[in-house]
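Engineer: Given next are the chains, with one letter for each unit.
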Amino acid sequence: MGKFVIRRVAQAILVIITAMLLIFLALFALGDPFASSGDKTVPPDTQAALRAKFGLDKPLPVQFLVYLKNMFTGDFGIDFDQRRQVSDMLSQAIPATVRLTVVAILLDILIGVLAGIIAAVWRYSFWDVLVTLLTTFAIGIPVFVIGLSLRANVSGELFFPTVPRSAFGDQPFWLIEVLLPAFTLAVADAAFVARLMRGSMLEVLRADYIRTARAKGLSERTVIGKHALRNSIIPVVTYLGIGIGALLGGAIITETIFQYPGVGLLLYKSILNNNNPVIMAITAFGVIVFVAISLMIDILYAYLDPRIRLS
Amino acid sequence: MTIPGDPSDLRLPAETLLAEPAPEDEFLPVEEGVDPIKRGPSSQFADIRRRFKRNKLAMIGLAVVGLLIILAIVGPLIAPYDPYEQNLLNTLQAPSADHLLGTDELGRDLFSGMLYGLGLALMVGIGVMLGSLFLGLLLGAIAGYLGGATDSVIMRITDIFLAFPYLIGAIILIRTLDPGRQSIFPVVFALILLAWPTTGRLMRGQVLATREAEYVEAARSIGAGGPRIVLRHILPNSVAPVLVYAFTGIGVAIVSMAGLSFLGVGVPPDTPEWGRMISQGFKFFTVPGSSYLWVFPSIAIVITTLAFAFVADGLRDSLDPKLR
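These protein sequence lines are chains H and C, in that order. If you read the first sequence in the numbering used here, its first letter stands for residue 1, the second for the next number, and so on. If you read the second sequence in the numbering used here, its first letter stands for residue 1, the second for the next number, and so on.
Hints in this document: simulated from the structure, not taken from any laboratory. Don't be surprised by glycine CBs; every beta carbon is placed ideally from N, CA and C. Don't take each hint at face value.
Claimed, not checked - Chain H regions said to be covered by chain C (calculated; three or more residues, Cβ under 8 Å):
#, segment
1, 87–100
2, 284–291
Stated by the list, open to error - Derived DEER-like restraints, expressed as beta-carbon distance ranges:
#, chain 1, residue 1, chain 2, residue 2, range
3, H, F126, C, V74, 46 to 54 Å
4, H, F137, C, F185, 26 to 34 Å
5, C, R156, H, L300, 47 to 55 Å
6, C, A213, H, E220, 55 to 63 Å
7, H, L158, C, N87, 36 to 44 Å
As the list claims (entries may be wrong) - Straight-line Cα separation of at most 20 Å, SDA-like style, residue types lysine to any residue; simulated pairs:
#, chain 1, residue 1, chain 2, residue 2
8, H, K269, C, K56
9, C, K56, H, V129
10, H, K269, C, T176
11, C, K283, C, K56
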């Protein structure tokens with residue numbers, strides 16, 4: 001087990017560093033952020049001063065190593081736009097994104113798992129057909145269509161806050177503010193969870209131990225709720241685990257539509273004004289979170305199933 | 001690996017295609033008019049086709065896809081206006097007889113623009129599918145067949161590509177390749193680069209499963225060479241799930257391009273592209289009666305992605321009917 005963990009961790013670190021090198025090259029090596037372009041003319045000595053200020057005058061390998069070194073101390077540099085600490089900007093955006101992710105994942109579980117169980121237990125019934133149809137639609141409709149429809153028709157109605165939020169007066173309670181974007185994100189994921197759950201449950205329901213459980217006279221509720229559910233939820237947990245990783249990296253479209261102040265919106269704004277240090281930091285954050293969660297899932301699997309360690 | 005959340009939720013898990021099939025405990029219904037014995041042996045593809053035809057939703061999807069392709073081809077001929085032609089005296093006109101779906105903020109005809117957008121969406125979707133299929137099949141087959149160090153290197157490369165959140169990866173690639181947003185090709189190229197690792201891994205898994213089959217051993221024992229074994233023996237027996245997965249990639253690519261241009265990355269400004277039309281149109285959503293600007297392109301993209309999703313679902317179910 002120890003060997004397996006060490007090998008997988010080493011692999012993950014390699015992947016993260018290579019990915020970061022690629023982002024770094026893409027953002028800082030190709031293309032000069034301070035060059036004159038179009039109407040904007042930048043005098044050569046200003047360009048040189050700017051490069052020196054952001055450390056871009058040093059050779060590339062040095063730049064990258066310095067960046068990595070600073071990153072370990074929590075320093076992501078300063079942004080091009082207003083010379084703020086990138087780490088401060090991140091630490092404001094990350095909690096909002098975490099809240100959004102948690103609510104979205106809870107909705108996935110609530111809607112998806114329930115719908116999947118119903119569809120599997122009453123296979124080919126009206127409800128099963130309904131779930132199959134709804135999931136097809138939910139997965140097929142692009143996230144921005146769902147988000148825009150909600151924003152146009154639901155934002156500002158009932159208790160849902162207006163978008164963008166007003167700069168004056170009381171700020172809405174975070175749970176209320178997070179509901180619509182979380183629901184937008186959850187539509188497709190919950191549908192996917194429902195499908196996974198249905199497929200996996202159908203398989204488990206054929207297993208011998210389910211027949212045994214029924215044969216020894218357990219109630220259908222215990223058979224489904226305990227024996228079948230526990231054995232069929234593993235693929236769902238994996239899917240949601242990876243989903244958490246992806247969502248934490250920033251739900252850029254959804255956050256932009258609802259002007260939700262998370263990592264995704266920050267990334268969108270940074271892209272608009274070519275704020276490379278922020279783009280770099282967010283992308284690195286996304287990659288690290290994603291790889292770390294995948295790694296945890298792998299290790300958990302290996303712990304649960306010894307066959308994986310040996311392969 | 002699947003990446004749920006945001007538009008990436010459209011990248012479907014290749015793993016689900018390889019899910020261990022459940023033991024068959026039901027007989028497939030016998031088709032009327034066909035003697036199952038006289039039908040003779042059938043290939044995997046014939047089986048898939050036969051099962052697909054029985055799936056109503058999938059057939060509807062296929063019909064719509066066919067219709068969309070025809071519409072995209074004749075689109076430039078039947079479009080009443082040039083989609084780039086501005087008419088500043090005729091801006092933000094609601095749908096009327098002159099302008100079937102109205103005009104946008106620069107007086108361009110929305111219907112004509114959407115017809116061009118359809119052609120663009122289909123070309124990008126199919127182009128990305130073919131490109132990632134080619135790369136994925138090639139590298140996946142090489143990794144699976146050769147194994148060893150080659151396999152490790154190719155798999156580590158896929159790891160790195162898959163570590164990027166899908167949309168963020170695409171944005172960075174496109175910005176690097178084409179900072180001035182001059183052309184549509186960087187978008188296609190970026191989407192191919194991000195899509196092939198999943199196809200490649202699926203293909204590798206399939207090849208690994210087929211490689212040890214007895215007929216491959218037989219071919220090897222009579223002296224067949226590596227390329228011949230891969231092309232004639234392994235590929236035909238392992239390619240079906242990969243092709244089915246690749247088909248889902250068309251819808252994913254269409255939505256990804258729309259999502260990217262929705263964010264203002266990707267297609268050149270002013271291209272008649274659905275995502276860009278939606279985000280431009282939504283800027284006027286507080287103006288009463290202007291919702292047609294973003295609703296019509298949204299409907300177009302929903303119809304397109306749903307049609308492709310129905311076909312893709314049907315194909316997947318036909319491949320592995322036991323899980324239905």
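Engineer: Okay, which hints does this one fail, numbers in order?
Structural biologist: When the structure is compared with the hints, numbers 1, 3, 5, 6, 8 and 11 turn out to be violated.
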